[in-house]
Amino acid sequence: AQTVTQSQPEMSVQEAETVTLSCTYDTSESDYYLFWYKQPPSRQMILVIRQEAYKQQNATENRFSVNFQKAAKSFSLKISDSQLGDAAMYFCAYRSFGNEKLTFGTGTRLTIIP
Amino acid sequence: ETGVTQTPRHLVMGMTNKKSLKCEQHLGHNAMYWYKQSAKKPLELMFVYSLEERVENNSVPSRFSPECPNSSHLFLHLHTLQPEDSALYLCASSHNTGVGEQYFGPGTRLTVT
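Protein chains in written order, with our numbering: chain A, 58 to 171; chain B, 64 to 176.
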């Protein structure tokens with residue numbers, strides 16, 4: 058079974074600085090997808106960024122980018138120019154190719170310091 | 064309405080009550096999901112429906128009964144719940160092909176007294 062590990066329960070960063078959230082996963086599959094979701098205090102889970110495992114290029118969405126290391130089974134999220142609205146729980150998630158099931162990590166609570 | 068909606072947003076029920084949670088998606092997706100989110104635990108997948116057929120049931124107690132009458136609607140029927148069932152219940156939807164990223168509703172905060 059696949060597992061997703063987020064080893065940082067809490068992180069904080071100064072506004073306008075850069076922060077990196079860690080995620081590792083365990084799988085024996087070669088085709089899969091990885092996601093980062095954000096859950097603000099208002100609680101609606103929002104997709105931040107996704108990565109297809111077959112793509113070598115790291116995904117980027119505006120201030121959000123990932124460092125995908127397939128051999129190391131690592132998928133970290135970098136947030137540049139942190140803003141107050143980035144404060145939230147961040148969840149890393151894994152999905153096997155051809156399977157609807159998402160496996161989530163336990164989340165990292167990110168605090169932005171003004 | 065756009066995206067994924069859930070009603071009610073808050074629900075308080077006694078252990079002998081029967082209630083239902085409703086989820087509706089307006090994204091043209093063909094897969095829908097129920098998750099349970101408890102404090103300090105990973106999201107727990109409860110049920111998956113793909114093309115209106117249940118494809119996953121993660122050993123969920125029978126006091127939770129899902130229903131998917133069509134690809135846009137998903138219900139979770141609740142009866143004789145326990146206090147430990149108090150949690151945030153999240154609905155999500157996706158395409159069942161391709162990347163299939165899931166889009167979530169705002170959740171129902173359930174309290175069992």
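Read the hints as simulated data drawn from the structure, not as lab findings.
We treat Cβ as the ideally placed atom computed from N, Cα and C, and that holds for glycine.
A few of these clues could be false.
[To be verified] So, partial list: chain B residues that the calculated Cβ filter (under 8 Å) puts toward chain A: (1) Leu90; (2) Ser101; (3) Pro105; (4) Leu108; (5) Phe127; (6) Pro146; (7) Ala150; (8) Leu153; (9) Glu164; (10) Gly170; (11) Thr174.
[Unchecked claim] So the derived label-pair ranges between C-beta atoms look like this: (12) A/Ala58 - B/His158: 38 to 48 Å; (13) B/Ser83 - A/Lys158: 35 to 45 Å; (14) B/Pro71 - A/Ile103: 40 to 50 Å; (15) A/Gly142 - B/Glu130: 18 to 28 Å; (16) B/His158 - A/Gln101: 14 to 24 Å; (17) A/Asp88 - B/Asn121: 34 to 44 Å; (18) B/Ser83 - A/Gln114: 17 to 27 Å; (19) A/Phe121 - B/Pro124: 17 to 27 Å; (20) A/Leu141 - B/His158: 30 to 40 Å.
[Stated by the list, open to error] In the DSS-like style, the derived pairs of lysine-lysine whose C-alpha atoms are separated by at most 25 Å in a straight line are: (21) A/Lys158 - B/Lys104; (22) A/Lys112 - A/Lys135; (23) B/Lys99 - B/Lys85; (24) B/Lys85 - A/Lys158; (25) A/Lys158 - A/Lys127; (26) B/Lys99 - B/Lys81; (27) B/Lys81 - A/Lys158; (28) A/Lys158 - A/Lys112; (29) A/Lys135 - B/Lys85; (30) A/Lys158 - A/Lys130; (31) B/Lys85 - A/Lys130; (32) B/Lys81 - A/Lys130; (33) B/Lys99 - B/Lys82; (34) B/Lys82 - A/Lys135; (35) B/Lys104 - B/Lys85; (36) A/Lys112 - A/Lys130; (37) B/Lys103 - A/Lys158; (38) A/Lys127 - A/Lys112.
Right, here's what the structure says about each hint:
Hint status for leucine 90 of chain B relative to chain A: violated, with the closest Cβ pair at about 12 Å, above 8 Å. For serine 101 of chain B, the suggested interface contact is broken, since its CB lies about 11 Å from the closest CB of chain A, more than 8 Å. At about 5 Å, the closest approach between the beta carbon of proline 105 of chain B and any beta carbon in chain A falls short of 8 Å, and the interface hint on this residue holds. Taking 8 Å as the C-beta contact cut-off toward chain A, the hint placing leucine 108 of chain B at the interface holds, the least distance being around 6 Å.
Proximity of phenylalanine 127 of chain B to chain A is violated relative to the hint, the smallest CB-CB distance being about 17 Å (cut-off 8 Å). Contact between proline 146 of chain B and chain A, as hinted, is not supported at the beta carbon level, the nearest pair being about 21 Å apart and thus beyond 8 Å. The interface hint given for alanine 150 of chain B is violated, since its Cβ lies 12 Å from the closest Cβ of chain A, which is over the 8 Å cut-off. Hint on leucine 153 of chain B holds. Least Cβ distance to chain A is approximately 7 Å, under the 8 Å limit.
This hint holds: glutamate 164 of chain B has a C-beta 5 Å from the nearest C-beta of chain A, less than the 8 Å allowed. Residue-level restraint check for glycine 170 of chain B holds (minimum Cβ-Cβ distance to chain A is 6 Å; threshold 8 Å). Evaluation of the threonine 174 of chain B hint against chain A yields a violated restraint, the C-beta minimum of about 15 Å exceeding 8 Å. Between alanine 58 of chain A and histidine 158 of chain B, the C-beta spacing of about 24 Å breaks the proposed range 38 to 48 Å.
Checked against the given bound of 35 to 45 Å, the beta carbons of serine 83 of chain B and lysine 158 of chain A, roughly 24 Å apart, lie outside it. At about 21 Å, the beta-carbon gap between proline 71 of chain B and isoleucine 103 of chain A misses the expected band of 40 to 50 Å. Taking the beta carbon of each, glycine 142 of chain A and glutamate 130 of chain B are about 37 Å apart, not inside 18 to 28 Å as hinted. In this structure the supplied range 14 to 24 Å holds for histidine 158 of chain B paired with glutamine 101 of chain A, their Cβ-Cβ distance being about 20 Å.
For aspartate 88 of chain A paired with asparagine 121 of chain B, a C-beta distance near 23 Å fails the hint of 34 to 44 Å. The supplied range of 17 to 27 Å is broken by serine 83 of chain B and glutamine 114 of chain A, whose beta-carbon atoms lie about 45 Å from each other. Between phenylalanine 121 of chain A and proline 124 of chain B the CB atoms are about 38 Å apart, so this pair departs from the stated range of 17 to 27 Å. The beta-carbon spacing between leucine 141 of chain A and histidine 158 of chain B, approximately 33 Å, falls within the hinted interval of 30 to 40 Å.
Annotation: proposed proximity of lysine 158 of chain A to lysine 104 of chain B holds, straight-line Cα distance about 17 Å (limit 25 Å). Taken as a hint, the lysine 112 of chain A and lysine 135 of chain A pair is honoured in the structure, with Cα atoms around 18 Å apart against an allowance of 25 Å. About 14 Å separates the Cα atoms of lysine 99 of chain B and lysine 85 of chain B, which keeps this hinted pair within 25 Å; it holds. In summary, the hint linking lysine 85 of chain B to lysine 158 of chain A is supported, as the alpha carbons are separated by about 21 Å, within the 25 Å threshold.
Distance hint between lysine 158 of chain A and lysine 127 of chain A is fulfilled; the C-alpha atoms sit about 20 Å from each other, no more than 25 Å. In summary, the hint linking lysine 99 of chain B to lysine 81 of chain B is supported, as the alpha carbons are separated by about 18 Å, within the 25 Å threshold. Between lysine 81 of chain B and lysine 158 of chain A the CA atoms are separated by roughly 28 Å; this puts the pair beyond 25 Å, and the hint is violated. For the hint pairing lysine 158 of chain A with lysine 112 of chain A, the CA-to-CA distance comes to about 21 Å; that is within 25 Å, so the pair holds.
Our distance criterion of 25 Å between C-alpha atoms is broken by lysine 135 of chain A and lysine 85 of chain B, whose separation comes to about 35 Å. A distance of roughly 19 Å separates the Cα atoms of lysine 158 of chain A and lysine 130 of chain A; the hinted pair therefore holds under the 25 Å criterion. Restraint check for lysine 85 of chain B and lysine 130 of chain A: the C-alpha separation of about 37 Å exceeds 25 Å, so the hint is violated. A hinted pair counts as satisfied when its Cα atoms are at most 25 Å apart, and lysine 81 of chain B with lysine 130 of chain A does not qualify at roughly 44 Å.
Between lysine 99 of chain B and lysine 82 of chain B, the direct Cα distance comes to roughly 16 Å. Compliance with the 25 Å bound is thereby established for this hinted pair. For a cut-off of 25 Å, the pair hint linking lysine 82 of chain B to lysine 135 of chain A is broken: about 42 Å separates their Cα positions. With a C-alpha separation of about 23 Å, the suggested pairing of lysine 104 of chain B with lysine 85 of chain B holds against the 25 Å cut-off. At most 25 Å may separate the alpha-carbon atoms for a hinted pair to count; lysine 112 of chain A and lysine 130 of chain A meet this at roughly 14 Å.
Between lysine 103 of chain B and lysine 158 of chain A the CA atoms are separated by roughly 21 Å; this keeps the pair inside 25 Å, and the hint holds. Restraint check for lysine 127 of chain A and lysine 112 of chain A: satisfied, since their Cα atoms lie roughly 10 Å apart, inside the 25 Å limit.
Hints 1, 2, 5, 6, 7, 11, 12, 13, 14, 15, 17, 18, 19, 27, 29, 31, 32 and 34, counting from the list given before, are not met by this structure.
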